[in-house]
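Following the hints, position chain B against chain A.
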Amino acid sequence: MENNLAHGHRFGMVIDIDKCTGCGTCMVACAAENNVTVRSDESDKQRSITWMQLYKITNGKAFPHTEVSYFPRPCMHCDEDGHGHHTSPCVTVCVATATRLDFNTGIVSQIYTRCVGCRYCQAACPYHARYFNWWDGYKLIQPFPKGMERSLSPEVSVRTRGVVEKCTFCHHRLMRAKNKAYAEGRREIEESEYITACAEACPVQAITFGDLNNPNHKVSQLIKSPYAFRLLERLNTKPKVYYISKKDWVREMADNYLPGEFKPISTAAVGSR
Amino acid sequence: MEKPRRSSLKFVIDLLIGLVLSYYARLISNPLQSGLAYFAAGLIPALFIGWILFPFALYSKQPQPISFNHALHMDSDIADGIEGDTEAEKCLYCHSFRDDGTFAGIPKLELCMECHDDPDSPLGETQAEQQFMTEYVAQEKEVPWLLYSRQPDCVYFSHIAHVQKGELDCQVCHGDHGKTLELPPFQKNRITGYSINIWGKNILGLKSNTWDRMKMDDCAECHTQKGHEENNACFVCHK
Chain A
1 MENNLAHGHR
11 FGMVIDIDKC
21 TGCGTCMVAC
31 AAENNVTVRS
41 DESDKQRSIT
51 WMQLYKITNG
61 KAFPHTEVSY
71 FPRPCMHCDE
81 DGHGHHTSPC
91 VTVCVATATR
101 LDFNTGIVSQ
111 IYTRCVGCRY
121 CQAACPYHAR
131 YFNWWDGYKL
141 IQPFPKGMER
151 SLSPEVSVRT
161 RGVVEKCTFC
171 HHRLMRAKNK
181 AYAEGRREIE
191 ESEYITACAE
201 ACPVQAITFG
211 DLNNPNHKVS
221 QLIKSPYAFR
231 LLERLNTKPK
241 VYYISKKDWV
251 REMADNYLPG
261 EFKPISTAAV
271 GSR
Chain B
274 MEKPRRSSLK
284 FVIDLLIGLV
294 LSYYARLISN
304 PLQSGLAYFA
314 AGLIPALFIG
324 WILFPFALYS
334 KQPQPISFNH
344 ALHMDSDIAD
354 GIEGDTEAEK
364 CLYCHSFRDD
374 GTFAGIPKLE
384 LCMECHDDPD
394 SPLGETQAEQ
404 QFMTEYVAQE
414 KEVPWLLYSR
424 QPDCVYFSHI
434 AHVQKGELDC
444 QVCHGDHGKT
454 LELPPFQKNR
464 ITGYSINIWG
474 KNILGLKSNT
484 WDRMKMDDCA
494 ECHTQKGHEE
504 NNACFVCHK
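If you're matching them up, the sequences are chains A and B in order. Residue 1 is where the first sequence starts when you use the working numbering, and the numbers rise one by one after that. Residue 274 is where the second sequence starts when you use the working numbering, and the numbers rise one by one after that.
What the hints contain is simulated information worked out from the structure, not anything from laboratory work. Predicted model, so just to flag it, every value in this text is computed and none were measured. Every residue gets a Cβ at the ideal spot worked out from N, C-alpha and C, and that includes glycine. Keep in mind that the hints are not guaranteed to be accurate.
[Unchecked claim] Computed footprint of chain A on chain B; a stretch qualifies when at least three of its residues, placed anywhere within it, have a C-beta under 8 Å from a C-beta of chain A:
{"id": "1", "region": "338-344"}
{"id": "2", "region": "373-387"}
{"id": "3", "region": "476-490"}
[Claimed, not checked] Cut-off 16 Å, straight-line C-alpha distance, at most; resulting in silico cross-link-like pairs (EDC-like, lysine to aspartate or glutamate):
{"id": "4", "chain 1": "B", "residue 1": "K452", "chain 2": "B", "residue 2": "D350"}
{"id": "5", "chain 1": "B", "residue 1": "K499", "chain 2": "B", "residue 2": "D442"}
{"id": "6", "chain 1": "B", "residue 1": "K452", "chain 2": "B", "residue 2": "E362"}
{"id": "7", "chain 1": "B", "residue 1": "K381", "chain 2": "B", "residue 2": "D358"}
{"id": "8", "chain 1": "A", "residue 1": "K180", "chain 2": "B", "residue 2": "D372"}
{"id": "9", "chain 1": "B", "residue 1": "K452", "chain 2": "B", "residue 2": "D442"}
{"id": "10", "chain 1": "B", "residue 1": "K438", "chain 2": "A", "residue 2": "E155"}
{"id": "11", "chain 1": "B", "residue 1": "K438", "chain 2": "A", "residue 2": "E149"}
{"id": "12", "chain 1": "B", "residue 1": "K438", "chain 2": "B", "residue 2": "E503"}
{"id": "13", "chain 1": "A", "residue 1": "K180", "chain 2": "A", "residue 2": "E155"}
{"id": "14", "chain 1": "B", "residue 1": "K363", "chain 2": "B", "residue 2": "E415"}
{"id": "15", "chain 1": "A", "residue 1": "K180", "chain 2": "B", "residue 2": "D373"}
Chain A with its partners taken away, still in its complex shape:
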């Protein structure tokens, strides 16, 4: 097996922040797709499990100049450094080998039955993309609401108390697409056959999902935009989730720049776009 992501797939996501309206459909679609637990009282948001989290940011200026943006945050599926050395902080610290970077797909896996719940990965993740199950979710709700099991997807296992979970780029959808390809006598999946639930649900199509290794795919072209950026890029975690925003203040918020360090892109220099 090649120890880098140069071969095979390298799935990634591009989120256009300027398109995002903050409606939260991606969060709902994600939770429904992946059997994410709910509690009887969901008002304590610090304890909520949200594989896809939606943050609201503002430029902090007074009324006439106030601008608001929303940015959805799935797991960044941090990449390796090209030599097979992991750069995903969570993979590096995991003591139980419960989370791995799959070199064939670029997806960071999370195996709930392997996780021991030490929460090192949660501490290591600079994006707060990992969540700990403080309670038994669907497994031990007593009394179990009648018919609730019918709302669960059999393609994603439910989690028990004491394990960490996170976005998996809807990995089961990849397996589903592969099954279909084999049934039709193909060995490889087509690009359009595998997209995540959030990308599918987004009403303004702000989320584009695809193979970053495929130069013809839309994601590979979108990330070449001068307005494309990644969160905390200078940590060298190499996230595979890219954002696009033409607003300078949004891009400036994506990293911890020193005063005067951030270079705004003037529209004149880039040309009409």
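Relative to chain A, chain B alone:
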């Protein structure tokens, strides 16, 4: 200088072996006084309980609702409705893939009723066929088969990847199940609730057939042997 050192080392080893042997010789020559008899009196029943009695008690046995004869259905002289040139194709006639590539598993009553359609005339003379006609076909009730190979929630398995893409025969994992004259009893682990067949019966791993033991390492071993090491990634089989 080398010679004497080597001989002295040999002497020490000989001495140690001698000491150990004489110790055991004394234990065996007088088992009651040395306590060996009491030790054995404890150990042997404990091993019997742990290795034979406990595994026996751990699994509950349950008969299938109907005694199904796989061999008879695979015999094209008797069951001529089941088509297929190869053995695998015959298996797939009843245990089929859906259009999206998922595996349908045990067939529904509808498929059985392609042949067993007349409640008044069973196709054979056996009691099981009579029972199948009266209890299920006449009432159009699904047979509550007990699934030998139902995997735990955390496991993902794609049949089509192995059968269609990997070109494996059904037998590689399921053994001679298609040649059996009657269904073996369903054995369930009383603690975990899982069937004994999902791991195979030989947990020690002394296997002469593929299906003797099918734990995670055995899956990975086969993947590696066939040159599909990339399929040993966690998320390929776990969900």
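Outcome of the hint check:
no.: 1; hint: 338-344; verdict: violated (count 0)
no.: 2; hint: 373-387; verdict: holds (count 3)
no.: 3; hint: 476-490; verdict: violated (count 0)
no.: 4; hint: B/K452 x B/D350; verdict: holds, 15 Å
no.: 5; hint: B/K499 x B/D442; verdict: holds, 14 Å
no.: 6; hint: B/K452 x B/E362; verdict: holds, 15 Å
no.: 7; hint: B/K381 x B/D358; verdict: violated, 23 Å
no.: 8; hint: A/K180 x B/D372; verdict: holds, 7 Å
no.: 9; hint: B/K452 x B/D442; verdict: holds, 14 Å
no.: 10; hint: B/K438 x A/E155; verdict: violated, 21 Å
no.: 11; hint: B/K438 x A/E149; verdict: violated, 33 Å
no.: 12; hint: B/K438 x B/E503; verdict: holds, 15 Å
no.: 13; hint: A/K180 x A/E155; verdict: holds, 15 Å
no.: 14; hint: B/K363 x B/E415; verdict: violated, 22 Å
no.: 15; hint: A/K180 x B/D373; verdict: holds, 5 Å
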